[in-house]
Every structure is written in C-alpha cells, then in structure tokens.
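Student: Starting from the known structure of chain V, arrange chain H with the ligands on it as the hints suggest.
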Amino acid sequence: MKVTLTVNGIRRDADAAPGDSLMDVLRGLGLTSVKNGCDNGDCGSCAVLVDGAAVNACLVFAARSEGKAITTLEGMATEGSLHALQTAMLESGAVQCGFCTPGIVMTAAELLEKNPEPTDREIDEAMAGNFCRCTGYTKPRDAIRSAAEMLREGRR
Amino acid sequence: MSLTNIETFVRPETVEEAFAALGEHARPISGGTDVMLRNPTAATTLVDLMGLPLGEITESPGGGFTVGANATLTAMADHPGLAGHLGGILPEMLVHVGSPLLRNQCTLGGHLARGRLSDVVPVLVALDAEITWFDGEHHAAPIARFYEDGTHRGRLIVTGVEIPAATGTSAGAFHKFLRTFFDLALLNAACVLWASGDGTLDAARVVVGETPSLGVRVTAAEDALAGVAPGPEAFAAAGAIARAEVETRADSRASAEYRSQLVGVAVERCLAKAAARLEVSS
Ligand SMILES: Cc1cc2nc3c(=O)[nH]c(=O)nc-3n(C[C@H](O)[C@H](O)[C@H](O)COP(=O)(O)OP(=O)(O)OC[C@H]3O[C@@H](n4cnc5c(N)ncnc54)[C@H](O)[C@@H]3O)c2cc1C
Ligand code: FES
Ligand code: FES
Chain V
1 MKVTLTVNGI RRDADAAPGD SLMDVLRGLG LTSVKNGCDN GDCGSCAVLV DGAAVNACLV
61 FAARSEGKAI TTLEGMATEG SLHALQTAML ESGAVQCGFC TPGIVMTAAE LLEKNPEPTD
121 REIDEAMAGN FCRCTGYTKP RDAIRSAAEM LREGRR
Chain H
1001 MSLTNIETFV RPETVEEAFA ALGEHARPIS GGTDVMLRNP TAATTLVDLM GLPLGEITES
1061 PGGGFTVGAN ATLTAMADHP GLAGHLGGIL PEMLVHVGSP LLRNQCTLGG HLARGRLSDV
1121 VPVLVALDAE ITWFDGEHHA APIARFYEDG THRGRLIVTG VEIPAATGTS AGAFHKFLRT
1181 FFDLALLNAA CVLWASGDGT LDAARVVVGE TPSLGVRVTA AEDALAGVAP GPEAFAAAGA
1241 IARAEVETRA DSRASAEYRS QLVGVAVERC LAKAAARLEV SS
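Chains as they are written, first to last, in our numbering: chain V, 1 to 156; chain H, 1001 to 1282.
Pulled out of the complex, with its shape left as it was, chain V reads as follows (with noise of 0.2 Å):
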C-alpha cells in the first residue's frame, strides 16, 4: 500500500505495509536520523514529533500517522543554521558516537516548547525514555539547558 507523510513540511509517498512502523517507514525515506536502537520503546533513539508531541516512532504506525504533521531532525536546522539544540548539544560536548542525539533533540525540542526554562529535574525527567550510552546524560542536561537560554534570549 501506500502511505502519505507529511514530513519536516513536505508531503512524501512512501511505500509501507500496514504494519509497518512509522521508524521503518522514515527510514526507508531516507530520514536515516530516525535510529532503531531497541525496537522496542525503551530506548528513545527512533524519538520525532507527531503534531508537537514526542513519541517512539517505532511504536506508532505508519498507516495511522497520514495526516499528522511529522518532525525529524532533518527538520530542525533551518536555512542553513542548526536548531539551538543541536548548537547547544555539539559546543556542550554532549555528542560522543551519536546514536542518541537525534532522540535527544527531538524529545528535548517539545520540552523547551512547553515548558522555556526547565529545571535540572524536569529536564531529567522529560529525557527519562532517551538513553545514551556515551555521554553519562550530564552534557545532554548542560546543553538543553543552555539552548533554553539560547531560544529564550532569540539566538539559535
């Protein structure tokens, strides 16, 4: 079958059987941001926005996601300029292999966009289902909470 997404603004066909999960389906897009990490809702790697709110793209299907707008990392940097996060998490030193920053990002994007200047508690606890392997979590927490500076002060 096939199934449209609307994707970081843009509409995309994509070829998908119905159980096929929204992760697979970006993916097989192209959007290689989108990390399978467990394929099972633990990890946080595959994380996007559906209308604003992060979930774990591996849970979600694909078919029941036509209509919605969708939100990769691929759509964070504009016109050229990286998003406060991404900024904010490469001058905090809080990317080592990567695999985690995309899911970071993201789940971090629809924190600061409800809530501009989080405590160190509430950053932990919105970053619950992201794990990273690398970093010990301190520089993702540093770098979130300086990019909630960064948006609040209209740098990105």
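Hints were generated in silico from the structure; no laboratory data involved. All residues carry an ideal CB built from backbone N, CA and C; glycine is no exception. Treat the hints with care, since some could be wrong.
As the list claims (entries may be wrong) - The calculated label-pair distances, taken between Cβ atoms and stated as ranges, are:
id : chain 1 : residue 1 : chain 2 : residue 2 : range
1  : V       : Arg133    : H       : Leu1178   : 33 to 43 Å
2  : V       : Leu82     : H       : Tyr1258   : 41 to 51 Å
3  : H       : Ala1226   : V       : Arg152    : 30 to 40 Å
4  : H       : Arg1253   : V       : Arg133    : 13 to 23 Å
5  : H       : Thr1008   : V       : Thr6      : 14 to 24 Å
6  : H       : Glu1279   : V       : Leu82     : 43 to 53 Å
7  : H       : Glu1257   : V       : Thr4      : 53 to 63 Å
8  : V       : Leu90     : H       : Glu1017   : 29 to 39 Å
9  : H       : Arg1116   : V       : Glu113    : 55 to 65 Å
Tutor: Same frame as chain V, now just chain H with the ligands:
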C-alpha cells in the same frame, strides 16, 4: 518493526460501530504501543478507536472527573484538575509509567484494556474509580472487579473512567519500587487517608499492586488505621498487616519473599507521604 499479519485498519466513528467491527481477526487499537510490541498474531484487521469521541477529560461541578479512554497519559498528567486531585497522586504515579515518549502515545483505555503490569490500576482502585465499557450495552463497575471477575478478557470497548470527587480532608500517595527511574514496578502501592477533626484518621484506603492481582485493597490495614493518630508507629503496623495479608508473586526479577518485604515497606512509605500531604492541606 512490522506486523506482517495486519492487512487493514478500519476507522469507526461511534462506539457502537467500533464494537460491531471487532471479531476474532479484528482487534481494537488505541495508542498502539502494546499492539505493536505484543503482536496479536490472530489479527488481520485493527479497529482504530482514536476516531471515537472518547478523548475528553471533564471535571464535574461536584469535583469528580470523567476521563475518556482515548486520553493519553500525558493529557491526564497535564490536566490541572486531575493533577491536583487528592494532593497530586495521579501525576506522582504517571511520571513513573514508562517514559514521556511513551506517555505521549499511550492511552488510558489501551492501558486498562491490556490488564497487566500496571502502575495506574492500584491508584484508580485507591481513588474508588469506576471503569466504563461497551459490549453491546454500556456498563460501569469498580475497577478492581473488572479484573477480578475476568470481564477485561471479554470482547468489549473500554470507554473511560469515572473518578469520584474528594471528600472531607483527604490526600493520597503512590509508591513504586523499581530498579531504575524507567522500569516496570517490582511492586507498587497507593493509598488515600482521611483526617478527622481531632488529629486522628477517619478512614484509609490501602492498595497494593504487582502482586498476582493488579491492585488489591488491604482492608485489615485500612481498619487498623481508622481512629488512630497518623505517625510512624501506625504506618509500620499497617505495613506489617499488609505484609501478612498480601500474597506476592515470583518472576525473573524478584522472588515472592523479596516482594513480600517490599509490601510492608511500600505501604509504610506510601502512608507517610499521604500523611505529609494531609498536614499541608489541613
Ligand atoms: C517501554 C515501555 C515501558 C512501559 N512502562 C510502564 C510502566 O512503567 N508502568 C506501567 O504501568 N505501564 C508501562 N508500560 C505499559 C504501557 O502503559 C502500555 O503499553 C500502554 O498503556 C498501552 O496503551 P495503548 O493506548 O498504547 O494501548 P494499545 O496498544 O492501543 O492497546 C493495548 C491493548 O488493549 C486493547 N485495546 C486498546 N484500546 C482499547 C479499548 N479502548 N477497549 C478495549 N480494548 C482496547 C488492544 O487490542 C490491546 O490488546 C510500558 C510500555 C512500554 C512499551
Ligand atoms: S528504537 Fe524506538 S525506543 Fe528504541
Ligand atoms: S553519544 Fe553515544 S549513545 Fe549518546
């Protein structure tokens, strides 16, 4: 992941249409997180319930709540009235259900229909909530009974939950034993306390979950708390009663003996948290 057995989705608009569409090969789907992970291999059709008008959370003038089955767990935690109910027992519990990514997707109806491993059920039992469902007719029953008599295994559509208004001076709390912040419960407990005017407790609800049952009331502990002054001694005594009363189960993560120890500690800690909230509110 791909569920290769699935051929089609149907999208009914009313509960009656949705129920009529169910069958041996046609299973309901709400958030779909559990369907995706536990592939119902007999199913070729998924009956998508998200088009049903069951997404609302409403507060009645008297202070009770109706939570529609399609409300996500995030929507429940974010609802100001529900979040403040009985001192915040619901968000205290919801923050421990999986991760924010999961809670954005999974629904109350899907969670309750699934009927296993639950942090939500013990809290709803402590709140005296009723579950509502449709199986050709509309029904409502206390949530514990829905599981005890096996109703949840039948062909039905969970439509929502009714949470009664708080009464008197009361507060609730939830306690979960887990190994990491993001883990299924080894054991959990929920309680509600009512204060009388004279510094003693009027009544209590004590519920333990993740035993063989999803949420069992410990009425002997509740009785022991009525009329006594809240405090460490009373809570330790209630914990000891719960440990003696509640049957525990063993699995790959913990032995029944270990869980039995946890019962007493979970009840004791849960009561202490609720009592601290009572003090603040009285
Ligand atoms: C990674 C992970 C971690 C988790 N951690 C926790 C945790 O810590 N604590 C906890 O309590 N739970 C936890 N869960 C369980 C989670 O809460 C459930 O998966 C979720 O609530 C299911 O909701 P859903 O809407 O996605 O259900 P769905 O997948 O849509 O449905 C679940 C089941 O119910 C049926 N169904 C769906 N809606 C209805 C309805 N309205 N009426 C009748 N039948 C229906 C479906 O056919 C299916 O069998 C976790 C799950 C995952 C994946
Ligand atoms: S791949 Fe989706 S949560 Fe791990
Ligand atoms: S940077 Fe390697 S998993 Fe996070």
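Student: Look at each hint and say if it fits the structure.
Tutor: Against the structure, the hints come out as follows:
Against the hinted window of 33 to 43 Å, the Cβ-Cβ separation of Arg133/V and Leu1178/H comes to about 20 Å, which falls outside the hint. Between Leu82/V and Tyr1258/H the CB atoms are about 49 Å apart, so this pair conforms to the stated range of 41 to 51 Å. Taking the beta carbon of each, Ala1226/H and Arg152/V are about 51 Å apart, not inside 30 to 40 Å as hinted. With their beta carbons about 22 Å apart, Arg1253/H and Arg133/V fall inside the hinted range of 13 to 23 Å.
For Thr1008/H and Thr6/V, the hinted distance range of 14 to 24 Å is satisfied, since their beta carbons lie about 22 Å from each other. Hint check: Glu1279/H to Leu82/V, Cβ distance near 49 Å, so the stated range 43 to 53 Å holds. Separated by about 56 Å at the C-beta atoms, Glu1257/H and Thr4/V satisfy the suggested range of 53 to 63 Å. As the Cβ distance of Leu90/V to Glu1017/H is approximately 51 Å, the hint placing it in 29 to 39 Å is violated.
Between Arg1116/H and Glu113/V, the C-beta spacing of about 34 Å breaks the proposed range 55 to 65 Å.
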